[in-house]
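Trainee: Given chain A, put chain B in place with the hints provided.
One letter stands for each residue in the lines below.
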Amino acid sequence: MRSSVNETLAGNGRHEDWTPLLELAAREVFEVMLGCQLAVSATEEEVRLDTTSMVGLAGQLCGLLSLRCDGKSAALMASKMLGVEPDKVGPEMSDALGEVSNMVAGNFKNKISGLSEGCVLSVPTVITGTDYRLHSQADSLGVEVRLLFEGMPIIISLQIRS
Amino acid sequence: MNSIRALIVDDSSVMRKIVDRSLRQAGIDLSQVLEAGNGAEALAVLKESRVDLILCDINMPVMDGLEFIKHLSSVENAKGVPVVMITTEGSESHVVQALACGARGYVRKPFTPDQVKEHVVPILGGES
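Protein chains in written order, with this note's numbering: chain A, 1 to 162; chain B, 1 to 128.
Treat the hints with caution; some may be incorrect.
[Stated by the list, open to error] Label-pair restraints from in silico Cβ distances: (1) B:Ala44 - A:Tyr132: 55 to 63 angstroms; (2) B:Arg50 - A:Leu148: 45 to 53 angstroms; (3) B:Lys79 - A:Glu46: 52 to 60 angstroms; (4) A:Val120 - B:Ser73: 36 to 44 angstroms; (5) A:Leu148 - B:Asp114: 39 to 47 angstroms; (6) A:Ala42 - B:Gly125: 30 to 38 angstroms; (7) B:Gly102 - A:Val47: 44 to 52 angstroms; (8) B:Asp20 - A:Glu45: 39 to 47 angstroms; (9) B:Lys47 - A:Ala42: 50 to 58 angstroms; (10) A:Ala58 - B:Lys70: 20 to 28 angstroms; (11) B:Val62 - A:Pro91: 45 to 53 angstroms; (12) B:Arg50 - A:Ala42: 26 to 34 angstroms.
[Claimed, not checked] Chain B regions said to be covered by chain A (calculated; three or more residues, Cβ under 8 angstroms): (13) 8-22; (14) 90-96; (15) 102-114.
Think of the hints as simulated: they come from the structure by calculation, not from any bench. Remember, it's a predicted structure, so these values are computed and weren't measured experimentally. Glycine residues also receive a C-beta, built at the ideal position from the N, C-alpha and C atoms.
Isolated chain A, as found in the complex (with noise of 0.2 angstroms):
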């Protein structure tokens, strides 16, 4: 499945043809990389998730790709990753969410005609707490996928500054 980042830009494709290729993005990593198969959320209600992962993208596509979850998923995100228990995780929480959503912005370029080549990522950012608001340049176009990791609601989210 591959989109043209040129034809979207431009008008001539829509940018919710993106929804399905992030959300293929997504279950391609958590199946390879975590050993576990995401399900579609069915709820379209506010969670309150708690933990959140940035990654900025740069170049012909710009932008910024979060991944919002609460603290008990991305622990077990990270204890999948590492082979631990989630209660012995600790601080490489964030530093395996942040690889997550660096992984899902990387398989979700590379899935676009185009876009591999010309668009570059941050390093992520995790930010733990509810009590913040996102300034970020990118405006109107937005692409959200709504999962469940382990019956849990995961949110990842892709701003576009058009």
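Mentor: Chain B only, in chain A's frame:
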């Protein structure tokens, strides 16, 4: 295949552990694994230690992976040591650039132990 010493270069300690585990799952016998968080740290490690294989990320702070392999020829211990890039950067230009700089292999994240085996074992003189 003999037991080898490997240097894993990645700014993520989690990813360094995953690469270590993947090498072992791929059946590679590791006698010693050294780690570095970026290219500059890796060069410092190599000034003190000799390794048989280097696995290196591209996007890292301080000194990235491509810059690191450009500097390798200046380190006596690193001469002739094969480098395999393991990175989220999957573009053809990155692959070409890495190979032009001297990398011998290129593995895209996310990766399975089998993919690591496929790229690393032939470089070490075994059958993947």
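Trainee: Evaluate each hint against the coordinates.
Mentor: Each hint tested on the structure:
Between alanine 44 (chain B) and tyrosine 132 (chain A) the beta carbons are some 37 angstroms apart, a value that contradicts the proposed interval 55 to 63 angstroms. For the hinted restraint 45 to 53 angstroms between arginine 50 (chain B) and leucine 148 (chain A), the CB-CB distance of approximately 48 angstroms keeps it satisfied. A hinted range of 52 to 60 angstroms holds for the C-beta pair lysine 79 (chain B) and glutamate 46 (chain A), which are about 58 angstroms apart. Evaluation of the 36 to 44 angstroms hint for valine 120 (chain A) and serine 73 (chain B) yields a failure: the beta carbon distance comes to about 26 angstroms.
Between leucine 148 (chain A) and aspartate 114 (chain B), the C-beta spacing of about 28 angstroms breaks the proposed range 39 to 47 angstroms. About 52 angstroms separates the C-beta atoms of alanine 42 (chain A) and glycine 125 (chain B), a value inconsistent with the hinted range of 30 to 38 angstroms. Checked against the hint of 44 to 52 angstroms, the pair glycine 102 (chain B) and valine 47 (chain A) passes, with Cβ atoms roughly 48 angstroms apart. Between aspartate 20 (chain B) and glutamate 45 (chain A) the beta carbons are some 41 angstroms apart, a value that agrees with the proposed interval 39 to 47 angstroms.
Taking the beta carbon of each, lysine 47 (chain B) and alanine 42 (chain A) are about 56 angstroms apart, inside 50 to 58 angstroms as hinted. Under the hint 20 to 28 angstroms, the C-beta atoms of alanine 58 (chain A) and lysine 70 (chain B), about 23 angstroms apart, fit the expected range. The hint said 45 to 53 angstroms for the Cβ distance between valine 62 (chain B) and proline 91 (chain A), and at roughly 20 angstroms that hint is violated. Between arginine 50 (chain B) and alanine 42 (chain A) the beta carbons are some 56 angstroms apart, a value that contradicts the proposed interval 26 to 34 angstroms.
Here the stretch 8-22 of chain B counts 8 residues with a CB under 8 angstroms from a CB of chain A, which clears the bar of 3, and the coverage holds. Evaluation of the coverage hint for the stretch 90-96 of chain B: fulfilled, as 4 residues show C-beta separations to chain A shorter than 8 angstroms, against a requirement of three. As drawn, the stretch 102-114 of chain B meets chain A at 5 residues by the rule of a beta-carbon pair under 8 angstroms; at three or more, the given contact holds.
Hint check: violations occur at hints 1, 4, 5, 6, 11 and 12; the rest are consistent with the structure.
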